[in-house]
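Full structure from sequences and hints, please.
Below are the chains, spelled out letter by letter.
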Amino acid sequence: MELYKRMKFNNKNIQIGKNVKIGKNVKIGDNTIIYDNVIIEDNTIICNDCVIGEPLADYYTNEKYQNPILKIGSNSLIRSHNIIYAGCELGDFLQTGHYVTIREFTKCGHHCSFGTHSDIQGHCTIGNYCRFHSYVNIGQKSIIGSFVFIYPFVVLTNDPTPPSDDLIGSFIDDYTQIAAGSVILPGTKIGKFCLVGANSTVGGSFIDDTFIYGSPAKAVGKLSKMPFFNSKNKKHYPWPYNFERGMPWQGIGYDNWIKSNKNI
Amino acid sequence: MELYKRMKFNNKNIQIGKNVKIGKNVKIGDNTIIYDNVIIEDNTIICNDCVIGEPLADYYTNEKYQNPILKIGSNSLIRSHNIIYAGCELGDFLQTGHYVTIREFTKCGHHCSFGTHSDIQGHCTIGNYCRFHSYVNIGQKSIIGSFVFIYPFVVLTNDPTPPSDDLIGSFIDDYTQIAAGSVILPGTKIGKFCLVGANSTVGGSFIDDTFIYGSPAKAVGKLSKMPFFNSKNKKHYPWPYNFERGMPWQGIGYDNWIKSNKNI
Amino acid sequence: MELYKRMKFNNKNIQIGKNVKIGKNVKIGDNTIIYDNVIIEDNTIICNDCVIGEPLADYYTNEKYQNPILKIGSNSLIRSHNIIYAGCELGDFLQTGHYVTIREFTKCGHHCSFGTHSDIQGHCTIGNYCRFHSYVNIGQKSIIGSFVFIYPFVVLTNDPTPPSDDLIGSFIDDYTQIAAGSVILPGTKIGKFCLVGANSTVGGSFIDDTFIYGSPAKAVGKLSKMPFFNSKNKKHYPWPYNFERGMPWQGIGYDNWIKSNKNI
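Chains as they are written, first to last, in our numbering: chain A, 6 to 269; chain B, 6 to 269; chain C, 6 to 269.
Hints in this document: simulated from the structure, not taken from any laboratory.
Some hints here could point you the wrong way.
Pairs involving identical chains hold if they fit within one copy or between any two copies, as the list cannot separate such chains.
[Claimed, not checked] Derived SDA-like pairs (lysine to any residue); straight-line CA-CA distance at most 25 Å:
| hint | residue 1 | residue 2 |
| --- | --- | --- |
| 1 | LYS230 | ILE212 |
| 2 | LYS239 | TYR70 |
| 3 | LYS17 | LYS69 |
| 4 | LYS230 | ASN247 |
| 5 | LYS223 | GLU109 |
| 6 | LYS23 | LEU82 |
| 7 | LYS227 | ASP260 |
| 8 | LYS227 | GLU249 |
| 9 | LYS17 | ASP41 |
| 10 | LYS227 | PRO168 |
| 11 | LYS230 | ASP171 |
| 12 | LYS227 | PRO73 |
| 13 | LYS197 | PRO165 |
| 14 | LYS197 | LYS227 |
The structure presented is a predicted model; accordingly, all values stated were derived computationally and were not measured.
Right, here's the structure in full:
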């Protein structure tokens with residue numbers, strides 16, 4: 006698939022630092038600044054008013070500061086007013102909304118999307134095909150699997166005794182969904198194929214296929230047994246049997262995709 | 006009333022697309038970009054660093070993409086760093102804070118205001134005289150009446166079985182207030198003159214004049230009977246008898262305004 | 006300590022109003038706009054795409070509008086895409102994240118930091134050494150002591166009967182911590198050395214050293230007696246005995262600092 010064949014940006018007021026590698030067919034929006042040591046791979050678009058390769062705090066105080074390498078994968082679409090720090094490694098087919106910040110040493114896989122006003126605090130690891138909606142705040146040391154969708158105003162916290170330097174990230178396993186307004190407490194472990202209900206306050210550990218809800222949140226039951234029916238009057242979970250837009254099993258079905266892909 | 010007589014913007018680094026219609030006495034801030042097919046009506050101010058008529062996703066892939074018409078009404082004030090998508094129809098006397106996104110096919114009436122960091126997700130309908138404070142997130146398919154005030158960190162969600170494409174918007178009727186931090190679940194229906202208490206998780210249907218509170222939220226009672234007294238030691242609800250700043254009944258009283266206006 | 010010796014900003018597309026006083030060794034990022042009557046003290050850095058001294062609403066309607074003085078203290082670091090209104094008085098060593106708004110007549114002491122996407126609504130008072138993380142929303146009329154840390158998606162509200170003009174701010178005393186997702190109701194008073202647990206809804210008054218939690222929040226007990234142990238297996242509260250990074254007692258211990266500083 007060849008994305009983004011056409012752009013009408015004007016190449017006005019763009020500034021590009023040293024040792025910046027820009028792939029084929031990359032487009033850069035007006036007023037965007039790209040700092041040193043940035044790699045942007047083929048077919049990627051950076052829209053207007055972005056800061057790419059934002060230097061770390063040390064930049065302002067250390068004469069010998071060198072910007073760590075930032076790599077943005079191919080076929081990505083970075084919308085306007087994003088700030089992406091140096092030191093990140095972001096996979097192919099990344100999509101972002103507006104006013105997104107991605108702090109230093111964030112590592113994410115391919116086909117992720119980060120919604121408008123999201124703030125990825127850095128020093129965290131995110132798998133493939135994750136979708137974060139608007140206003141998602143991922144604390145440092147978080148580890149997130151693949152196919153994890155997180156909805157607005159969710160925060161993954163990391164300090165069990167604030168303030169401290171004893172940061173403990175959470176671990177959210179593959180296919181899990183975290184509904185809007187939930188707070189994930191430091192060190193929380195959530196298994197695969199879980200759903201966290203809206204506005205929950207979640208601590209502790211939860212096994213696969215759990216519906217988690219409340220403040221403080223409890224394991225309400227096996228998610229696949231809960232009466233969550235979709236518009237086809239079918240039990241919706243596990244959701245990959247019922248949702249495929251943009252997923253790698255689109256058109257072939259989840260079971261067939263699983264058979265042909267031991268590793269994603 | 007003639008607003009905005011004086012501006013000291015410098016007309017620097019402004020870019021304007023094709024087929025843009027700009028009314029009389031419109032001012033445009035520095036570094037602002039206006040894409041194709043935008044209509045800005047008389048006396049409106051667009052501040053610095055805005056993107057107006059932001060193209061839809063199709064723009065990046067479709068050679069024949071045409072930007073849908075964006076109309077911004079007269080006497081509006083769009084503050085800096087806003088992103089307003091193509092395809093919206095926004096009424097007169099709109100006011101926005103900073104870093105606001107208004108996605109495609111948002112339709113709002115006149116005298117609305119959207120606070121700083123708000124994210125209107127598009128494909129939604131908003132009446133007149135609505136005020137959204139900072140960090141308000143309106144999901145697609147939401148329908149909101151007139152005189153609805155929404156406070157910080159409120160989200161109107163729309164996916165009952167995430168992730169799915171079965172989006173169901175909420176309906177919030179006239180004069181209803183939604184206090185800070187509340188999550189409105191998909192398909193919620195809230196009548197006129199209701200108040201949703203802070204940090205609630207609201208699903209289901211609620212009749213007019215209900216005080217709604219809790220997680221999950223319940224109908225606590227008739228709002229007009231609840232002991233919510235204002236600084237004049239008067240029952241505050243229904244609030245139009247006790248608040249008039251910027252409302253069309255300012256100076257004449259709500260009853261007189263109602264008598265003279267069958268339709269707002 | 007001499008901060009920020011080196012910068013590589015390009016002085017491109019910067020605009021500066023009348024009567025702007027810029028101290029020694031100040032650096033200003035590209036595309037930044039500084040309005041009239043701004044004072045920036047020595048060694049301060051303003052990054053790219055900021056609006057400094059943003060005029061009040063009256064600017065757009067009043068021919069004789071004069072921008073109130075904005076003062077930004079020395080040795081501060083204002084990151085990119087900030088909007089700081091006229092009329093604020095901000096102490097030395099301020100640090101901000103990105104997309105921060107600080108509205109008119111905010112007064113803050115020295116060594117404060119305001120995280121990415123924070124929105125300080127103005128007409129409020131903040132002490133010294135306060136740290137607000139991402140997405141902190143401080144309502145007008147709030148009064149916040151020193152060493153107060155506030156975590157993501159916390160809002161300090163101010164309207165007990167929305168909508169009204171009877172705004173009542175909250176008072177948060179020194180050393181208190183407010184965890185993520187909490188809503189502080191109008192007129193709340195929280196003493197010194199308290200901790201508000203995550204996702205709480207807090208109203209009323211709380212004495213010093215209280216652990217406050219729930220929706221509605223209750224005083225769970227004396228914070229210093231609660232079993233909150235840190236990684237050294239030590240009771241963490243009162244926290245100044247266990248956290249010193251960036252605090253004035255760093256290297257000397259809290260007790261020694263208290264002895265030598267009757268006033269902070």
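Checked against the structure, which of the hints given earlier come out wrong? 2, 5 and 12
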